[in-house]
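Use these hints to put chains W, U and D onto chain P, whose structure you have.
In order, the protein sequence lines correspond to chains P, W, U and D.
Every letter in the first sequence is one number past the one before it in our numbering, and letter 126, counting from 1, is 126.
Just add 1000 to wherever you are in the second sequence, counting from 1, and you've got our numbering.
Just add 2000 to wherever you are in the third sequence, counting from 1, and you've got our numbering.
Just add 3000 to wherever you are in the fourth sequence, counting from 1, and you've got our numbering.
Errors might be hidden in some of the hints.
With a cut-off of at most 30 Å between alpha-carbon atoms, the simulated DSBU-like pairs for lysine-lysine come out as follows [claimed, not checked]:
| no. | chain 1 | residue 1 | chain 2 | residue 2 |
| --- | --- | --- | --- | --- |
| 1 | P | Lys44 | D | Lys3377 |
| 2 | P | Lys189 | D | Lys3178 |
| 3 | W | Lys1189 | W | Lys1233 |
| 4 | D | Lys3409 | D | Lys3069 |
| 5 | P | Lys45 | U | Lys2021 |
Note that these hints are calculated values from the structure, not bench results.
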Amino acid sequence: WDEPVIFELSQPGERGVEVPPVEPQIVETVGDGISSLPDSLLRKKRPNLPEISQYRVIRHYSRISQEVLGSDFNVEIGQGTCTMKYSPKINERFVRSPKMAELHPLQDESTVQGMLEMTYQLDLYLREISGMDKFSFQPGSGTQALFTQASIVRKYHEARGEGEQRNEFITTHFSHPSQAATAAVKGFKIIYVPADENGYPDLEALKGLVSERTAAFAVANPEDTGIYNSRIKEFTDVVHAAGGLCCYDQANANGLLGITRALEAGFDMCFFNLHKTFSVPHACGGPATGAIGVTAELAPFLPGPIVDFDGERYFYKRDLKNSIGKVRSFYGVPPAVLRSYAWVRALGADGLREVAEIACLNNNYLYHKILQIRGASAPYIQGRRLEQVRYSWQQLKEDTGVTTYDVQRRMIDFAHHYWTSHHPYVVPEPFTLEPTESYSMAELDEYVAALTHISQEAYENPEIVKTAPHNSTGHRVLESVLDDPDQWCITWRAYLKKTAQG
Amino acid sequence: WDEPVIFELSQPGERGVEVPPVEPQIVETVGDGISSLPDSLLRKKRPNLPEISQYRVIRHYSRISQEVLGSDFNVEIGQGTCTMKYSPKINERFVRSPKMAELHPLQDESTVQGMLEMTYQLDLYLREISGMDKFSFQPGSGTQALFTQASIVRKYHEARGEGEQRNEFITTHFSHPSQAATAAVKGFKIIYVPADENGYPDLEALKGLVSERTAAFAVANPEDTGIYNSRIKEFTDVVHAAGGLCCYDQANANGLLGITRALEAGFDMCFFNLHKTFSVPHACGGPATGAIGVTAELAPFLPGPIVDFDGERYFYKRDLKNSIGKVRSFYGVPPAVLRSYAWVRALGADGLREVAEIACLNNNYLYHKILQIRGASAPYIQGRRLEQVRYSWQQLKEDTGVTTYDVQRRMIDFAHHYWTSHHPYVVPEPFTLEPTESYSMAELDEYVAALTHISQEAYENPEIVKTAPHNSTGHRVLESVLDDPDQWCITWRAYLKKTAQG
Amino acid sequence: MSVQRYAHPYIPNSAPEVKEKMLTEIGFSSIEDIYADIPGELRLQEKMNIPKALTEYELERHVNQLMNKNQTTKENISFLGAGCWPHFVPAVCDEINSRAEFLTAYAGEPYEDKGRFQALFEYQSLVAELVDMDVVNVPTFDWAQAASTALRMAARITKRTELLVSKNIHPDKLLIIKNYTSPDLTVTSIDFENETGSLDLNDLKAKLSVDTAAVYFENPTFLGSVEVNGQMIADLAHAAGAICVVGVDPISLGVMESPANYGADIVCGDLQPLGVHMHYGGGQSGFIATHDDPTYVMEYPSRLFGIAPTEVEGEYGFGDVAYDRTSFAKREKGKESVGTQTALWGITAGVYLATMGPVGMEEVGQGIMQRSQYAAKQLSSIPGVEAKFAAPFFKEFVIDFSQTGKTVKDINAALLAKGIFGGVDLTEHYPELGQCALYCVTEVHTQEDIDTLVAAITSIL
Amino acid sequence: MSVQRYAHPYIPNSAPEVKEKMLTEIGFSSIEDIYADIPGELRLQEKMNIPKALTEYELERHVNQLMNKNQTTKENISFLGAGCWPHFVPAVCDEINSRAEFLTAYAGEPYEDKGRFQALFEYQSLVAELVDMDVVNVPTFDWAQAASTALRMAARITKRTELLVSKNIHPDKLLIIKNYTSPDLTVTSIDFENETGSLDLNDLKAKLSVDTAAVYFENPTFLGSVEVNGQMIADLAHAAGAICVVGVDPISLGVMESPANYGADIVCGDLQPLGVHMHYGGGQSGFIATHDDPTYVMEYPSRLFGIAPTEVEGEYGFGDVAYDRTSFAKREKGKESVGTQTALWGITAGVYLATMGPVGMEEVGQGIMQRSQYAAKQLSSIPGVEAKFAAPFFKEFVIDFSQTGKTVKDINAALLAKGIFGGVDLTEHYPELGQCALYCVTEVHTQEDIDTLVAAITSIL
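Chain P on its own, in the form it takes in the complex (with noise of 0.2 Å):
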C-alpha cells in the first residue's frame, strides 16, 4: 500500500461516529453545559482533527496494519532477548470480554472476586518458578520492572540508614539499556562488571568493584548471549558479603523454567515480563507487565497494594510498610496478568518445563545451522547457549563490506526480521536471535536459509544486499532528516510548516 498521511484524507463535513445525545429534558435543566467555563477556558476553535467517514477510517488503518510484520505472520526469532512466543488466540478472547475491559479499578472488592483470584493464583505460581515469596504486578513493562528493583534498592538501604552510603549499581555491558538508566534515575552511579573473554561477567573484576558504597548488583542470567554463568552464586554472594541487594533481570527467563531459580542462585528479588516469557502479546510495544517477585524481607517494600487471600474472599493489602509507592496506576495491566494466567493453566508444570526445554533445543539447533553459514559466528566461548545467541557479521563485514544493517534491511525482502542489539555493540556487527519454543523445525530451517542465501548474495553481489530493501513498500528512509532539527517532523502540523512552500 501506499497510503497517505490521515489528515489527507479529511473531507469536511464527513464524520466517522456520532456521539450519543443529550436528552432535551438535560439541555432544559442545564442549558449548553459550556457557558459555565470562563472564557480563558472556552476552546477558541476546533482542533485540527481530519473528518473522515468510518468505512474510510478503517480502510486506512487496515492497509496500514497490512504494513507491519506482527509474528503471527513471520517467523518472529529474530527478536532476540525478546521472545515472540506464541500468544494463544483463546487468551485474545478473555481480555476483550466486557467481564475484563469493563472493569474499573475502584470497584468494590467484592465484584472483583475472579479478577483478584486470578491475579493471586498467577502470584503463587511465580513463585514456584523463582523461588521468591511475593510478586507485584504493578510495574509496566521489564524497564519500570528494573526502575522498580532500583527504587527497592534505594528504599531498602535507606530504611538501613545507608541510603547516602550506597549509591553505586553493578552491572553488566550485556543487561538491557534500562539496567543503567533506571537506576541512574534513582541517583545511583552505575558501575560495569567487564565480560571476561569467554563471555561472562568475571568474578574476580567484582570482587574488586563491591564495597559500602555497593547498593546492588543486577545481572541477567544468561545474558543476551545465551551463556549461562554457572558460577552465579558466588557472585551473589560477594555483594551480599558487601551489603548489597542482588537483583535478578529474568528477561531471559525462557529457556529456565522449572529448571533453576532466582531463589537457589541467591537474588533478593527478580522480575518477568510478562509479555515475553508469559506469552502476552507485544501489541506494537505495550501495554505490558513486568512481575516482580521479592523475598519475604523485601515484600514490605513493593509497590502497593498486593492482591491477597484469606482462605475466603481476595483483598487488596494496602499496608506494606516499607512501600516505595506505587509506579505504575493502579494495579498495573490486569489484562496481561489474565492472559499469563491462562497460559500458565494451559500448560501445567510439565508443559512450562517442556517451554524451557524446547526453547533451548531450538536455540541449539539454530546455533548449530549459523554457525555454518560463511561470515557469521558466535563470539565468545563455544558451545553452551541456553535459548538464544548474539551473533556478529564481522567475518562477512571484513570479507564482503556487507554490514549487519545491511543484511538486516535484505532478510526484510523474505519477510524476516532480527534484532542487531543494544548499545554498545560489544558484539561487533551483531545479531541477536531467540527462537523461543513457539516454531517448528521447518520455519527455523526456513530463517536460517534467508540468512545463508544472504551471506552468499554479500560474497557474490554485495550491492543487492547493501540496496535492500528492495520488496517493501516503503523505501529508504533519508534518515539524516530525523536528526536535524530544521527538518525533524514530529507531527503532521510540524511537517507541514517546515515543508510549506514559501
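Positioned in the frame of chain P, the structure of chains W, U and D alone reads:
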C-alpha cells in the same frame, strides 16, 4: 506471500489443539466407547489430515488472508449489482456475542425473545420499505430467494388447480442467472422478454408472450444496466391480466429505499439481499439472507415458521396453510437478520433514504466520469441511470485489442477489482460498477484514475495490460488444466495422485 | 432530505458540500433529477414508519438490551441437537473467520483473491480426507440443500425420477428435499425398524424399482442410532441401478468409517460441527463429496475450486474447475443454480480440520461416544426412563419417558426452570414413538453436566 | 520430561520424533546436555506446584467461570472515575487494535513495520492538534509517568531541583511522581482553595523560588473543578524561571482551551478516555506534548517518530527522531529510560481522534458537561446532599454527604445492592473534606441512569 498448501506444513507429532479429556469415571462406566460400533463401521485408518501446531495454522491462514482483497481494503465498487457496502464493525460485535452465537434454534421461545423481537421488527421495516405484507428470512441468499419465489409460484398455481397448465416463467436476459436456473429447477420453461434498443424489457413483446401458460413474470428494476423501467406497472398489469404472478428481484434495491416500492409497481412478491442492501458482509460468499416478502394473499405460501407477536410475546407461527415447506434449515441465517436490524436502526427512515439518494448520486458521478475515458461506453439510453451501470470496453477492444478481461487483470495491479457481467454478455466486453453510498468522492476519483490510466496504457502500450497482473502474489493460471478431467485437481489428494512422478 | 450539516458516518458523500459539488459536476440541480424516470404514482409519498436513527452508542445499548433477553446454551446446560449441535470451537476458528479480509471479501478473481481460492481449495481437500473421496464442493447452504442437490445429481446421472429417502431423517430436511425435488422427482419414505432405528431393508427392497434414481439414508441417523447395514443398502441400490447417497455427521468420521467405504456414491453432510458456532441455526453449511469421476463432477451445480500451475514454475494457482457446468455460465441450462452460499463456514471447517488433525478427530469422536453412552446409561437408570433403541449410537439418542406418566413437554419445562435445556421433543413429528426426546451429548458436556441432568430429571419425576 | 506421543499445541518441536531429530542433528544425546552448565545445587529438584495443563475447552470453561465472578460497569450503573473513566469506545477502535498485525508486532524496522511507524506518527499528529502543540511522544505508561517525566525534563532544562505540585491531583499519582523524582528532586505540594478546588495562588507564590524547576497542576483537577487561573499560574512560574507543566484530560479539549494557550510549556495527560476500555486500570496510557523547541525535544526520553522523505520522490518514510537522546542509544547517559510502554493504546487513541473528528470532540465534550451538570444539580436537590465546590467542572464533581449523617461507605454499600457503583470515596485521602465522594458522569450515562442514581440515593437516606 508464497504460502504452501496446508498439507505441506504437516509434521507428524504436532497438533493444533487438544480435545477435552473424558473423565475417568465415564471411562470406567462405559469403556472405550467405540467398541459399541460394529467392525464395519469402525474407521480403519485415521483421516490423512495434516498435523500442525496452533501457531503455524494461524500463520498460514493469516498470511493467505492478506492475499484476499476484502472490501475493507479496496474501493470495492466493481462488484456491480453486488453492492459491497460498508458493514459496520459494531454489528460484527453483536453477532459474535455469545448471546447470538451460542443460541440453539430449538430453544424454548421464552429464552430467545430478544432474537425474535429483532426478527419481527425487521419484518415490519421491510414491509415499510416494500409495501409487502409479510417477510420470511429463511432463504439463505438471493439465489435461494429466487428459488423460493419460483416455489411459491408453483404452489400458488397448484393450489388453484393450474399447476400443470401454468408452466412458463418469463424473465429477461439481464436477470441474475439464478433467476432462470432456479425456476428451471422448479420445472418451469424459461421465456425471455427481449430488451429494446434503449435497454428496457420490451412491453409489446411481453404482451405477445403471456398466455394461460404464464406462471409468472420475474424482473429486476432497475436491471443491471441501472436503467429504471418507468412503465413497470404496465408490465405487471399485463401479467396479472393473463393470470400470472409478478416477482420482483430487488437485488438492485439500494437506490430505491424510501423512494419507490414493490407494492405500487404491482408486484406480488419481492426479496431483498440482506447481505447486499442491508449491509451484511459477504464473507467470501455467505452465509447470507434473501429476505422474501409477499402480499397478504401469498403469506400462507411462505416457508415456515414465521415470527409473530401477540402484543406481549413473540412466537413462531407454524400453521401456514399452503406453505411450500422449507427452503433452509431452521430459520435461515439469524446473524444476518441481527446485522440488518442494527443497520436499519443506525439509519432510520431518513438515513435509509439518504442511502438510496447518495448511492444514485455516486453512480451518476461515476457514470459521468467513466464516459470520459477513452474506449469506454455505456450502451443503451443515455443518462437515466440509478445505482449502477453496465459499461462496455467494446471500443477499446476494437481500437487496441485489449479486452475487458485484460483490463480486469490489470486493475489488480492497482489493488482494484471489477466484475464483468453475468452470462451471456448482452453488453459486449462488459464491466459493471455499483458504487453504493459507502465510498467518498475521492475514492471514486481514485478508481476512475486507475481505469483512465489503463485505457491510456491500452492505447500506448497494450502489452502491459494484456500480460497483467504484474503486482499480484499470483501469476497467470494455466486455465486449460481446470477444464480437463485428466488434469483437474479439486482436492490436494487428487493433485498428489494426478501429478505423482511415475 | 432532512437538512443536516454533517454526513452520516456510513454515507460519506452525504456531507452537504460534497453532495453539492458532485451534483454540479454532473450537471444536476438536485438528486430528484436522478429519479425523474420514476412516475409520481410509484413514488413513496409518506415517510416510512421506521424509528429514527440511533448513534452508535445508543445502538450498542439498545441491541445489547435486546440480546440480553436471550438465554444462551452457555448460560444453561443444553442437550439440544437435532441438526444443530454444540461442539467445541477452537479459538483459532474464530480468529481466522473474523479477519476482515475473509469477512468482507466476495467475488474477486484468482489474482487479488488468491487467498480465498486457496482457503476454499484447502477446505475441500481437508474434508476430502475425512470422507475419503477425491472431490468436495464449495459449501452449499446446509445439509438439507446438499442432500437435495445430491439427489438431483443422482436423478440426472441415472435419468430416473424416484427418490427413496429414509424416514429417519430430520422432518425439516424432508420438507426441504421435497420442495427442492418437486415437481419432476418424487420422494418416497422408507421405514425404519422400531427396535434399532435402522433402515427397514424389507421396505427398501419393496420400493426399489427401475425408476429409482437414488437411495438416501444417514449415518448416524436423525434418531441417533448408527446405520449398521450401510453396505447392504448400497448394494441393493446399486443392484437396482440406483445411486447410493449417504448423509453423514463429519465429526463422527474420526472414529466411524466413511460411507465412501461402504458403498456411497455421493456423501453429504453439515459442516457446522467443524468449528462453527450454532448461531441459532445460522451456522449450518452443507458439503457434497464424490469420487473424481467426470460423470459425477460434471453434475455438481456448485463451484469447485481446483489447483493448477501458473506461468511461474512451481507456483500454485487456483481457479474454477469446469465452470461451464454452472448456471453462472449457462443460466437455466446449467446444473441447478449457484450463488452465494456459506463460503465462510467452509473456510472455518478447513481451519478446524487443520487444527484438530487426525488424532484430534479420533479423540473427539471417541470422547463423544463415551460421554453420550454414559449419559444414556445414567438416564436409563432412572426408574421409568429408558433408551428407546437397542442399537449403537454416536452423539444423540432417544430417551423414552412414556413410563413416567409425564410428557416430554412438562419435563422440559421443569428442566428449563432449573437452567437445563432438555432434549428435543419428538412427540410432534414421531407420535408413534410415545413420549420421547432426542438427547445430544458431545465433548462440550462434562460428567458434572450429565450428572446434573440426571439428578434434575430424577427430582422432577 | 513426561512421556507423550504428541506435541503440546503451543510447542511444535515437543513432538517426540522432531525432538529426537533435532538432538541428533546437533549431536546431543538429550536435552539435559544443554543444561550441563547449571550446577546441580541450582537445579530445581522437585516438580513445581502448578496445576496440570488444561485443554483449550477446559481452559475456556475455567476462565469464564472465574470471570463470571466479576460484575462489570456495564451490568451495573457506575459513577466511578478518578483517573480511569467510562467513555464511549467506537467499535472502530477495537476493530483496529485487535488486528493481529498490530497486536503481535513489536520492534521491527521502518521497512517491514512501516505501518506501525505510520500509525504511531499519526497518533502523535492527532493528539498534537488536540493540544495545539507540535511535538507529542510515543505513549508512556500512564499519565502519572508522563507527569513524572515532564517534571524531570523540566528539571534538566532548568537545572533546578524543586517541583511544586498541586495537591489537587490523584494521591496515587503523587506517590508515583515522588518515587520517580527522588532522590535528586524534591516535591512540594501546593494547597487548593477550599471553596473552589482551584490552586491556592498565595501558597504557590510563597513556595516559588530560584530552585523551582517546575510547577505542575491539572485541568480539570482531580476533584473535578476546572482550574480557572491557568494563565496566572503559568505567568508566576515563568516569572520565577520555572517551567509550567499542565496535566489535562484530552477528552475535554473539544470544548476546553488547550493549556498550550494559557502558558503551559509541557502538557501531559492520559489517553485512556480516547477509545480505550478501562480494563480494570490496564487501559491507562500517558502522553507528553511540547512545542517544537530542540531544548525540549532533546529532553524527551521516549521515542519520537518522525516523517521523512525516502529514495522515492514523493514517498513518505518514517523513523526515530533524535534517537541518540535515548537510553537505547546511550544507556545511563541517555534521557531517563525507554522501552515497551503502551503503544497499542496510542494507536487506538489515534483511531479514536480520526473517527471522532473536530465536531465529534466538541460534541462529546459539551455533552459530558451537560450531563455532569445535570447530575450534580439533581443530586444537590436531595436534602442534605450538596456539591462541594462552587466552581465549574468538566465530568467529575465532589458530592458532600456530611449533612446526611451517613458515611460514603454506607451509602456506596447500599447503592451497590441496587446495582449502582457510587462515586469514589474521598474520605481516606481527603479527610478534611468530610463525607465526600467523587462522582463521574460522561457521555455513557443517560438521563435515566442519572435519575436512577438520584432516586436510589433518595431512598437510601
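Against the structure, the hints:
{"no.": "1", "hint": "Lys44(P) to Lys3377(D)", "result": "27 Å, holds"}
{"no.": "2", "hint": "Lys189(P) to Lys3178(D)", "result": "20 Å, holds"}
{"no.": "3", "hint": "Lys1189(W) to Lys1233(W)", "result": "24 Å, holds"}
{"no.": "4", "hint": "Lys3409(D) to Lys3069(D)", "result": "22 Å, holds"}
{"no.": "5", "hint": "Lys45(P) to Lys2021(U)", "result": "26 Å, holds"}
Of the numbered hints listed earlier, not one is contradicted by the structure.
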